[in-house]
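Enquirer: Residue numbers (the working numbering), protein chains in the order written: chain E, 80 to 193; chain H, 892 to 1005.
Bear in mind the hints are in silico, worked out from the structure with no lab data behind them.
There could be a bad hint or two in this list.
[Unchecked claim] Sample of chain H residues at the chain E side, in silico, Cβ under 8 Å:
hint	residue
1	V910
2	S924
3	G933
4	F936
[As the list claims (entries may be wrong)] For each label pair, taking beta carbons as the anchor points, the in silico distance ranges come out as:
hint	chain 1	residue 1	chain 2	residue 2	range
5	H	S913	E	T149	22 to 30 Å
6	H	Q935	E	Y118	26 to 34 Å
7	H	P952	E	Q124	27 to 35 Å
8	E	S82	H	R964	27 to 35 Å
9	H	P952	E	N138	35 to 43 Å
10	H	K948	E	E94	39 to 47 Å
11	H	R906	E	Y118	42 to 50 Å
Just so you know, even glycine gets a beta-carbon here, dropped at the ideal spot from N, CA and C.
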Amino acid sequence: GNSVTQMEGPVTLSEEAFLTINCTYTATGYPSLFWYVQYPGEGLQLLLKATKADDKGSNKGFEATYRKETTSFHLEKGSVQVSDSAVYFCALSDLSSNTGKLIFGQGTTLQVKP
Amino acid sequence: KAGVTQTPRYLIKTRGQQVTLSCSPISGHRSVSWYQQTPGQGLQFLFEYFSETQRNKGNFPGRFSGRQFSNSRSEMNVSTLELGDSALYLCASSSGTNTYYGYTFGSGTRLTVV
């Protein structure tokens, strides 16, 4: 079945450091890929998305490229801030069911220290 | 435009009771999906409703049910609550016809079963 695997956290970085959170997926067909962020006590916010191979999603300095050949969608940011501290989820849309179902990775906690 | 509204934000129930959670999607969105988030299992898909019909269902027992009204608002119900049902319940709203636009999540309902 379809699945998403994220690097385990927590990831602890100093402010202005470079961030990479790895995400790989297994899927049939051509799913859309998403990164969501969850701040403490809140729901999920869509950070960025990509709907086909080689698409690059970007938002608020974060980027991720849909790599079909490596089935990956790694999240990157050149210079993190304390305010980026949150849990990040990689997800794919389950096209096999053709319905509104997202499959999530386990989440990666990012802590940025001043 | 208004986001996805979930009520209530917090609930404390006793084992064996039942509970109903509500979700109002973004205006014009016809799809509402429900997810359960726990520290151990992560984010798991419960079910999705589109135009008042359940379109997909996750692997949860029959104690978990839902419905959608003609105005697209959705409710989920959990009967005979168990301690393990303690979780953050999130709903997600989408147009339901194309995954390109992604899914918008509410802030969730935190259910505690004692």
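Enquirer: Take a look at whether the Cβ-Cβ distance between H:P952 and E:Q124 falls inside 27 to 35 Å.
Expert: Holds, at about 30 Å.
Enquirer: For the range 27 to 35 Å, tell me whether the beta carbons of E:S82 and H:R964 fit it or not.
Expert: holds (32 Å)
Enquirer: Using 8 Å as the Cβ threshold, decide whether H:S924 counts as touching chain E.
Expert: Result: holds, 5 Å to nearest chain E Cβ.
Enquirer: If I claimed the Cβ atoms of H:K948 and E:E94 lie 39 to 47 Å apart, would that claim hold in this structure?
Expert: holds (44 Å)
Enquirer: Taking 8 Å as the limit, does the beta-carbon of H:G933 come near enough to a beta-carbon in chain E?
Expert: It holds, given that the least Cβ distance between H:G933 and chain E is near 5 Å, below 8 Å.
Enquirer: That 35 to 43 Å hint for H:P952 and E:N138 (C-beta), does it hold up?
Expert: Once the Cβ atoms are compared, 37 Å apart, the range 35 to 43 Å for E:N138 and H:P952 holds.
Enquirer: With a cut-off of 8 Å, does the beta carbon of H:F936 approach a beta carbon of chain E closely enough for the hint to hold?
Expert: holds (5 Å)
Enquirer: CB of H:Q935 to CB of E:Y118, is that within 26 to 34 Å?
Expert: Since H:Q935 and E:Y118 have Cβ atoms about 21 Å apart, the given range 26 to 34 Å is violated.
Enquirer: When you take the CB atoms of H:R906 and E:Y118, is the distance between them in 42 to 50 Å?
Expert: violated (31 Å)
Enquirer: Should the hint that H:V910 touches chain E count as held when the rule is a Cβ pair under 8 Å?
Expert: Constraint on H:V910 not satisfied, violated at 18 Å.
Enquirer: Tell me if the beta carbons of H:S913 and E:T149 are separated by a distance inside 22 to 30 Å.
Expert: Since H:S913 and E:T149 have Cβ atoms about 42 Å apart, the given range 22 to 30 Å is violated.
Going down the numbered hints, you'll see the structure goes against 1, 5, 6, 11, while the others check out.
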